[in-house]
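**Q** Starting from the known structure of chain R, fit chains G and Y onto it as the hints suggest.
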Amino acid sequence: MTITVAPAERLGSGAGPRLWQGLASVMTWLPLILVLGFAVLWPLFAFELQSFVDGFKSYEDAFGSPGFVRSALVTFALAIADVIFAVILGTALAWCALRTPARWRSFGSMIPLMPLLVPGVAAASGWVFLLSPRAGYINTILRSLFGITDITQAPFNIYSFWGMVFVSGLIFTSFIFMFVHNGLRNTGGEYEEAAAVSGASPLRSFFTITLPQLRPALAYGSGIVFMLALGQFSAPVLLGVPARIDVLTTRMFSMLESYPVAYGEVAAIGMPLLLAGVVVAGIQRWVIGDLRRYVTVGGRAQYSPRKPSRWALTWISLFGFIAVALPLVAILYTSLSPFWTQNMSFGNLTTRNFVTVLSGQNLLSAVRTSLVASATTILIVLPAGYWAALIVTGRIQTSWWILRLLDILLLLPFAIPATLYGFALLFAYAHPPFALYGTYTIIIVAYATIMIPYSTRVLVSALIAFGPEPWEASAICGAGPARTFVRVSLPLMRRSASVAGVMVFILLFQEFAVSLLVRSATTQVVGGVLYDQYVAGSYPAVAVVALLLVAMTAVGVIIITAVGGSEAIKGSGGR
Amino acid sequence: MTALRIDRISKDFGRPQTLAALHEINLAVDAGEMVVLLGPSGSGKTTLLRCVAGLTEPTGGSIQIGDRTVVDCERGIRIPTHKRGLGMVFQNFALWPHMTVRANVAYPLAGRAEIRDKRVDEMLELVHCSHLGDRLPSTLSGGQQQRIALVRALASAPALLLFDEPLSNLDALLRIELRAQLRQIHRVTGFTGLYVTHDQVEALSLGSRVAVMNHGQIEQIGPPEQIYNAPATDFVAEFMGMGNRLIVTGDGALSDGSGRRIMGLPARHGATGSGQKAIRFRPESLALEANGASAASQSHLVIPDLDVVDRAFIGEYVEYSLQSASSSLKARMGRGAQLIDVGGRVNGLVPHLEAASFDYAPRQSN
Amino acid sequence: MLTTLSTKRIAKGFAVAAVLLTGTTAHAQQKSWDDVVKAAKQEGNVVLYSSLVPAALERLIDSFQKKYPEIKVQNVRTNDAVLVARVQQEQSTKAAGGDVASSNGYDFYEDQIKVNNLVKPIGPSIEKYKGDGMPWGLAPVITAYPMGFGYNTDLVKDAPTKFEDFLKPEYKNAVGIIDVTAASSVAFYYDSLRKQIPGWLEKFATQNPILHASSIPTTQAIASGEIKGSPFVPPGVVKALQDQGAKLKFVIPDMPEVYGVRYPMAILANAKNPNAAQVFVDFVASPDGQYAMNGDGMGMSELDGIKGALAKTKIFIYNNKEFSPEQIKATVTYWNGIFKK
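Protein chains in written order, with the working numbering: chain R, 32 to 606; chain G, 1430 to 1795; chain Y, 11 to 351.
Take the hints with a grain of salt, since some may be wrong.
Claimed, not checked - Result set (DSS-like, lysine-lysine): computed pairs, CA atoms no more than 25 Å apart in a straight line: (1) Lys213(Y) - Lys178(Y); (2) Lys88(R) - Lys339(Y); (3) Lys282(Y) - Lys82(Y); (4) Lys205(Y) - Lys339(Y); (5) Lys338(R) - Lys1512(G); (6) Lys130(Y) - Lys282(Y).
Keep in mind the hints are simulated off the structure, nothing from the lab.
Next up, chain R with everything else stripped away, as it sits in the complex (with noise of 0.2 Å):
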């Protein structure tokens, strides 16, 4: 991801005349520096040491143990599927949103994003209670409705390869459509109607005008939906696991379980993720070199909206009811059952469960703790990730090298599988000299650390958009910094910062496995409260808290539009 902008001037690393400048410039952006280089590269430096602390025996071990071979390929494969799946229905979402009647746009731009607002376990918890080769609903009404009677003979099977990527590859068309969207609102509709008017068939027009411009938009977004889906771990644990599919986050995960923590072979098993992920970032970057070939050319871009069809709205709803509603149903109708069972019937419904789920301790302090830790997460990379959007856009001026340096800090979170990170932060922190297993503390950092570089994106981009000029005509009519930042900074960052915090809700609510690995007992987010009742409790009080945690997210997201603008979920593709 390149998300550096060069300046047409830059200070060159030498100091300034007097030595109180120089210092006073190097505390522009030396402190930031030092603690996002520290939080970012300490974890993964002293746990993937581990690996090597017995020469190579954990690499032995962990690459000797059955099943790694496999489990390795199937991560790679799921991966790879997730992106092909996600590409095709995110291009095809993103194309129909652009032609939704006018009535209907910004419903129909809204709909794709959906699923970004359900947490991949509860919507992992929604196709299992869906598509459970013998008690899953849709299951049990297509075997009625086409007379099979016997039960083994089930259409569709959730606990299987294409479960998983099926079931994550819904939250990875959102991150496509996001992309894919905007790339194609920038290029607007004139592209697409000089090619009508030049004799191209709608279909030749798609292929050979819209997707080359849109290379640089899904060379980008698969980049990224490649990475998470390495890393991904919600629909594997709940979906793979019970068919004996192993990814390696699984394995990782599950040599939790055992004491004294292996570390190392832990680290070892995620060495791999963590080299497809910079290899990875490393090609995107070289992908998106030339940008010359995607300069929109021609005078000022006008949008024109592209010709309406009927159909568009159709497919985009057709879509939300599929990922959406229907697990949501699923979800409520399991929790409102006193066991989940296939014989589906209205009668024995019953408020019992969410009784006994909402009034445990356990669940109220987790709610707490997620509500506390999203929020100070967000209190702390807000501005974090303006500080740093400043030295990106060189509104703060560094040498090239220490903006080469803020590139690499920024990029690794996005890299490196988010469980990986979890186990780096729990060995690096967990134990003493900081001892922070337990507190809240440890949930905070290790979630900012994984957030900033998404809250620094969206604040470049507002920079960039809004470019210079209101800083420098705040600084000719002679306001200070501080008189600058109140009354021309705050305004315009608003909506940006809205934007970047819902973001960084939603990512929260729909992380997982970082969540788990540094929990304690009486220090849990919900997240892990719902996969404490998956091992042990209930499938009701699954779907209950499965429930709690799509309304959690709706509602933060509510609340943090509301504060920032209502433009925070429409802008939030921002290139």
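**A** Below, chains G and Y without anything else, positioned relative to chain R:
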């Protein structure tokens, strides 16, 4: 032969109006003609063009290109854009940035590669851009891009060429140059064109006929000279440069409350009965002479007692701003004419043939 | 004069003194238990770590809260592996955590004893627990049960009675087991199965079983009809689901010795609420607590006369002394080799 027939085309947008509506437009374009749609923004000219292109759907009426009906709202016929056999030049050029110049120009062409290549060469030669063949559009200047866009539209020898304000994004000198090129290419290839612009100079120089549009209707259509010299409505007159306007009643009495009269007003310009008329003329038609000089004239209108409030040197001419009670007028005098001081009082003289008059109904103020 | 003090008088003196002393001690003991209860109510909180069956925990905590409403129970229920890891993690990082712990792996307690982290319970109900019922003299066994077969009565006509029954074709793709890493006792179970019925695990793997993280979701999967049955099911979970109307039954395997679990319960020395911990353990060991834990078919009790408790079956449990960490690792590798190829 009628190359394009627009028959009672209407467009009603219902709710949010990003583009202007159209009200039962009728227009016929002969083969080889270049008809210019001229009007301010919101007049509907672009909407009409896009209906012809098929990029916007009309809500009523029909359009025929050649002998094919491409859209007929009452009979439910709608041929999609890419099957209409058109060419179009866009305001923002719309050259595909990921394809070379040759690839852009070749895109509308079918057939074997050698034939295509030959045609592309021909086209590039036509606009003297043969050396740019392998370049990317982002490396070209605005003028070069628009020339390439033009020959891309021409490449497949379409039945009809559409132009959507193609010169608006170019600077003044370039515009002049490209206008000349466009005229030349039209002469050479004889294409049929429908051209949209808000610039009257462009319209006059490029169109074989000019249609002035306002609020979704064609107010007047005719050869450039006719539009220029004999505007049919007050709107057309003003749009074609007759910025000076005086409201008169009955026999020439000015309605501006000054009690003065225009002298030498021909009957045709006079108001009938109790009605009022708007007299319009161009700044360059208004000559100024010393106050109190000659009275009525057979060939001129005389507007007495104008105060000179400003004088600006424009280079080719000197522009005077004149005031009389509530009337503001502008006059342009050539470099050679004697300068008149600001603050002086003069008479204005307008040749009868250069004035146009229209019925005037004052707008009700609520 | 010495002769004035007759032996009789001295003996009498000693007798009186003895009576006074024991009376005082008994009274002192009674008084100090009241103090403990009072102090417990002041603490107001007790944190329980366990891998006990949730249905039993629910009954227990309900019952406890009725008697001691002032003491809130924070119930942290995980599987054994996580429980062990957490307690040891908390120890090594000196973090506050559990007050009372109950795991079915005896090695957990022995490790805690090594670092002096267990406290003897002193409540009155503890007296009845002796010998095997109070291992190391530190932790009363509060429940025990055999792991048996569970099956869905709507889907299965002939109840399984032997392990070999699960190899029948009707169970293909319709049976469940739990992950070997769920607890060291589970690894032991699989190892003993390997010895008792050679080849069974390999054949069972061809039935394509679904893997669950513990026996609790397995039992629920049986109730839902997702699987037809499983050989590793606790009676308490079955009972709780039956109460909800689920159609499933529990069967004790037809074998000379059945694998089972026994749950001691211990007080941790690094407890934040030591008095509440004492009160809680005492309650669990009392007849009321035992009825909650084991009554109505939930499990076997050390005490007699508990209404509905399972009849005492001969079970063998996980013996950590005869099952070293290396053997655990070897079993895990063996199991992975069969089920996670």
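**Q** Now, for every hint given, state plainly whether the structure supports it.
**A** Now for the hints, and whether the structure bears them out:
1. With a CA separation close to 10 Å, the supplied pair Lys213(Y) and Lys178(Y) stays within the 25 Å bound.
2. Straight-line distance between C-alpha atoms of Lys88(R) and Lys339(Y) comes to about 16 Å, which keeps the hinted pair within the 25 Å bound.
3. The suggested pairing of Lys282(Y) with Lys82(Y) holds, with an alpha-carbon distance near 13 Å, which does not exceed 25 Å.
4. Distance restraint check for Lys205(Y) and Lys339(Y): the Cα-Cα separation of roughly 17 Å lies within the 25 Å cut-off, and the hinted pair is therefore satisfied.
5. The suggested pairing of Lys338(R) with Lys1512(G) holds, with an alpha-carbon distance near 16 Å, which does not exceed 25 Å.
6. Restraint check: the Cα-Cα separation between Lys130(Y) and Lys282(Y) comes to about 16 Å, which is no more than 25 Å; the hinted pair holds.
When each numbered hint is compared with the structure, no violation occurs for any of them.
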